[in-house]
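Heads up: the sequence shown begins at 1 in UniProt numbering, then just goes up one per residue.
The set of hints was computed from the structure by calculation and includes no laboratory data. Please read these numbers as outputs of a predicted model, since none were measured by experiment. Every residue, glycine too, gets a C-beta built ideally from N, C-alpha and C. Take the hints with a grain of salt, since some may be wrong.
With beta-carbon atoms standing in for the labels, derived distance ranges [what the hints assert, rightly or not]:
id, residue 1, residue 2, range
1, 305, 123, 42 to 50 Å
2, 20, 306, 27 to 35 Å
3, 37, 305, 54 to 62 Å
4, 234, 123, 37 to 45 Å
5, 234, 213, 17 to 25 Å
6, 197, 289, 30 to 38 Å
7, 264, 51, 35 to 43 Å
8, 158, 308, 53 to 61 Å
9, 36, 230, 50 to 58 Å
10, 304, 209, 48 to 56 Å
11, 51, 28, 38 to 46 Å
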Amino acid sequence: MPAALDFKTLEAAATWYVQLNDGSADEARTRAWQTWLKASPQHAAAWARVEKLQRQWAMIAPKAALSSLDAARAQRRDVLKILGMLLAVGSGTWLAAGQVPYRSMLAEHRTGIRERRSLRLDDGSQLELNTNTALDIHFDAKQRLIRLHRGEILVQTARDPDQRPFIVHTEDGSVRALGTRFSVRQLPGQTRVGVEQSAVEIRPYGHIDQCLRLEAGQQVTFGSDDIGVVERLPLASTAWVKGMLSVDDWRLGDFVEALGRYRPGVLRCARAVADLRISGAFRIDDTETILENLSKTLPVKVRFLTRYWASIEPA
Numbered sequence: 001m002p003a004a005l006d007f008k009t010l011e012a013a014a015t016w017y018v019q020l021n022d023g024s025a026d027e028a029r030t031r032a033w034q035t036w037l038k039a040s041p042q043h044a045a046a047w048a049r050v051e052k053l054q055r056q057w058a059m060i061a062p063k064a065a066l067s068s069l070d071a072a073r074a075q076r077r078d079v080l081k082i083l084g085m086l087l088a089v090g091s092g093t094w095l096a097a098g099q100v101p102y103r104s105m106l107a108e109h110r111t112g113i114r115e116r117r118s119l120r121l122d123d124g125s126q127l128e129l130n131t132n133t134a135l136d137i138h139f140d141a142k143q144r145l146i147r148l149h150r151g152e153i154l155v156q157t158a159r160d161p162d163q164r165p166f167i168v169h170t171e172d173g174s175v176r177a178l179g180t181r182f183s184v185r186q187l188p189g190q191t192r193v194g195v196e197q198s199a200v201e202i203r204p205y206g207h208i209d210q211c212l213r214l215e216a217g218q219q220v221t222f223g224s225d226d227i228g229v230v231e232r233l234p235l236a237s238t239a240w241v242k243g244m245l246s247v248d249d250w251r252l253g254d255f256v257e258a259l260g261r262y263r264p265g266v267l268r269c270a271r272a273v274a275d276l277r278i279s280g281a282f283r284i285d286d287t288e289t290i291l292e293n294l295s296k297t298l299p300v301k302v303r304f305l306t307r308y309w310a311s312i313e314p315a
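Required output: the full structure, derived from the provided sequences and hints.
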């Protein structure tokens, strides 16, 4: 980042951007911005950087999405989002709209590894966030929208007096609730949806005219261009809400992959033991104990290369 564009100048440019796009900008505010813009070449350069970034990525949500949030705190949050992006790309490499890691980093709501959260939304809906999840919430007069950038959520929708649709957007498409309880997980290049109550409608971005109605007790994985085969929803598929991983005759390789979501670092399973079968209910907040007990029930051993690198191998 050029020395002339210091932190305070970029912060001021981000603040002006938020204030001019919050739906309440009047002539006085516009004139004040123009005065600031013309006061220094550094101001103009910072504003040019904001505009260029804005063309590549819609940086703030409409203020209607703020609902009951405190306006001043929400404005500050938007300023920090934009400022973070400006600083992240200060070397001159502009942020592309498709770079999801940055969306996740700047998301309004996030959980880390080993962390889960519960959110009560403004309409009364309940949202559960699994480990390593990032999302933004956009409610306005026309719709209730969740943008899932990473991870997994469980949604229990509430009845809306204004009959606004409740929609979850992922990298691959949209999931529209039809008065329901359902889960959505963002996988690499795919989205998995499971319905516990009622139904949802799924539309891939590549074929918005293609719509699948998914009923209670069903799950499906879809990409941006296709929808997979509808399957039976596994029992206890959302046991993570209660801190459990419940499996019934799983491959050990699949179990280790699932367990790795709740553990920092690398967790591997050797090919020689990956097809062993495992069943049971496991507390995901205590992965160390799970690994210790594996060798007591299966012909395997756990080898730790470092504290954060473990491998399941033949005994």
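Exercise. Honestly, do residue 264 and residue 51 meet the 35 to 43 Å range at C-beta?
Worked result: holds (39 Å)
Problem set entry | C-beta pair residue 234, residue 123: status relative to the range 37 to 45 Å that was hinted | violated (29 Å)
For this session: Please test the hint of 54 to 62 Å on the beta carbon pair from residue 37 and residue 305.
Result: holds (55 Å)
Exercise. Between residue 234 and residue 213, is the Cβ distance one that fits in 17 to 25 Å?
Worked result: holds (20 Å)
Problem set entry | Range hint 38 to 46 Å (beta carbons of residue 51 and residue 28) holds or violated | Since the Cβ atoms of residue 51 and residue 28 sit about 22 Å apart, the hinted range of 38 to 46 Å is violated.
For this session: Kindly confirm whether 30 to 38 Å is satisfied by the beta carbon distance between residue 197 and residue 289.
Result: 33 Å Cβ-Cβ, so the 30 to 38 Å window holds.
Problem set entry | Whether the CB-CB distance between residue 304 and residue 209 falls inside 48 to 56 Å | With Cβ atoms ~51 Å apart, the hint holds.
For this session: Take the C-beta atom of residue 20 and the C-beta atom of residue 306, compute their distance, and say whether it sits inside 27 to 35 Å.
Result: About 50 Å separates the Cβ atoms of residue 20 and residue 306, which means 27 to 35 Å is violated.
Exercise. Do the Cβ positions of residue 158 and residue 308 conform to the proposed distance bound of 53 to 61 Å?
Worked result: Roughly 40 Å apart at Cβ, these two residues miss the hinted range, so it is violated.
For this session: Hint says 42 to 50 Å; check whether the CB-CB distance for residue 305 and residue 123 agrees.
Result: Cβ of residue 305 to Cβ of residue 123: about 48 Å, so the range 42 to 50 Å holds.
Exercise. Honestly, do residue 36 and residue 230 meet the 50 to 58 Å range at C-beta?
Worked result: holds (56 Å)
In summary, the structure is inconsistent with hints 2, 4, 8, 11 from the numbered list given earlier, while agreeing with the others.
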